[in-house]
Amino acid sequence: LAKTTQPISMDSYEGQEVNITCSHNNIATNDYITWYQQFPSQGPRFIIQGYKTKVTNEVASLFIPADRKSSTLSLPRVSLSDTAVYYCLVGDRGTNAGKSTFGDGTTLTVKP
Amino acid sequence: DVKVTQSSRYLVKRTGEKVFLECVQDMDHENMFWYRQDPGLGLRLIYFSYDVKMKEKGDIPEGYSVSREKKERFSLILESASTNQTSMYLCASSLGGQGTDTQYFGPGTRLTVL
Numbered sequence: 001l002a003k004t005t006q007p008i009s010m011d012s013y014e015g016q017e018v019n020i021t022c023s024h025n026n027i028a029t030n031d032y033i034t035w036y037q038q039f040p041s042q043g044p045r046f047i048i049q050g051y052k053t054k055v056t057n058e059v060a061s062l063f064i065p066a067d068r069k070s071s072t073l074s075l076p077r078v079s080l081s082d083t084a085v086y087y088c089l090v091g092d093r094g095t096n097a098g099k100s101t102f103g104d105g106t107t108l109t110v111k112p
Numbered sequence: 001d002v003k004v005t006q007s008s009r010y011l012v013k014r015t016g017e018k019v020f021l022e023c024v025q026d027m028d029h030e031n032m033f034w035y036r037q038d039p040g041l042g043l044r045l046i047y048f049s050y051d052v053k054m055k056e057k058g059d060i061p062e063g064y065s066v067s068r069e070k071k072e073r074f075s076l077i078l079e080s081a082s083t084n085q086t087s088m089y090l091c092a093s094s095l096g097g098q099g100t101d102t103q104y105f106g107p108g109t110r111l112t113v114l
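Sequences listed follow chains A and B, in order. Heads up, the first sequence is in the working numbering, so the first residue is 1 and it goes up one at a time. Heads up, the second sequence is in the working numbering, so the first residue is 1 and it goes up one at a time.
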């Protein structure tokens, strides 16, 4: 099981780019990296998933270096509404989802 | 859109009571999950189910049981509630059971055990 480590909290200001890094030193060959976002009083929701290099969607970008021992979620030009907890999750197609473990998450606070 | 609903947003129970938390999903998903979330501890998996009447223990199953009699419904049962089970409980479902499958979460039930 690949354990993930994230910073507990981060602060930013509106309009800035935010990068949240997740460490997963024992990631396995078949593992993918998935990020979820959780707003207060809501359940987490999927943001982005990737295996290597770079993935981009309308919400965020995910950067994964060649050794895949870490990944960085990038949020461009954050707004107050991006204040949330962000979770990194590592899991592979061959194992049951119950074997993937959510980390403790990173609480991002965006200030005006 | 996938919808996962939980029977209550807030629940207050007394120590020793039997507590049922209900979760329903409307997308014919194979897998369903129960997590608890506590400050500083992130999301911890209690149980998951990969098919009707099938279940597997997660990381913290002690003090809990589950029931899945129908595909769309997954119940979490606290046989004898204790104060250390005061927490936010989150239900999720996913189409398949692989580690890469997106999990869709409900809004959560905040349970307080007095």
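Hints were generated in silico from the structure; no laboratory data involved. Quick reminder that beta carbons are idealized off the backbone N, C-alpha and C, glycines included. Treat each hint with caution, since some may be false.
Claimed, not checked - The list that follows gives simulated cross-link-like pairs (lysine-lysine, DSS-like), each with its CA atoms no further than 25 Å apart:
{"hint": "1", "chain 1": "A", "residue 1": "Lys3", "chain 2": "B", "residue 2": "Lys53"}
{"hint": "2", "chain 1": "A", "residue 1": "Lys69", "chain 2": "A", "residue 2": "Lys54"}
{"hint": "3", "chain 1": "B", "residue 1": "Lys55", "chain 2": "A", "residue 2": "Lys3"}
{"hint": "4", "chain 1": "B", "residue 1": "Lys71", "chain 2": "B", "residue 2": "Lys53"}
As the list claims (entries may be wrong) - Across the chosen pairs, the derived CB separations fall in these ranges:
{"hint": "5", "chain 1": "B", "residue 1": "Glu17", "chain 2": "A", "residue 2": "Asp67", "range": "23 to 33 Å"}
{"hint": "6", "chain 1": "B", "residue 1": "Glu56", "chain 2": "A", "residue 2": "Thr29", "range": "40 to 50 Å"}
{"hint": "7", "chain 1": "B", "residue 1": "Gly16", "chain 2": "A", "residue 2": "Leu80", "range": "26 to 36 Å"}
Given the hinted pair Lys55(B) and Lys3(A), is their alpha-carbon gap at most 25 Å?
Given pair Lys55(B), Lys3(A) holds - Cα atoms ~23 Å apart, limit 25 Å.
Per the hint of 26 to 36 Å, is the separation of the Cβ atoms of Gly16(B) and Leu80(A) within bounds?
44 Å, violated
Take the C-beta atom of Glu17(B) and the C-beta atom of Asp67(A), compute their distance, and say whether it sits inside 23 to 33 Å.
Taking Cβ atoms as reference, Glu17(B) and Asp67(A) lie about 51 Å apart, which means the hint is violated.
Is the straight-line distance between the alpha-carbon of Lys71(B) and that of Lys53(B) 25 Å or less?
9 Å, holds
Tell me if the straight-line CA distance from Lys3(A) to Lys53(B) falls inside 25 Å.
30 Å, violated
Look at the Cβ atoms of Glu56(B) and Thr29(A) and judge whether their distance stays inside 40 to 50 Å.
24 Å, violated
Given the hint that Lys69(A) pairs with Lys54(A), does the C-alpha gap stay at or below 25 Å?
14 Å, holds
The structure does not agree with the numbered hints 1, 5, 6, 7 stated previously, though it agrees with the rest.
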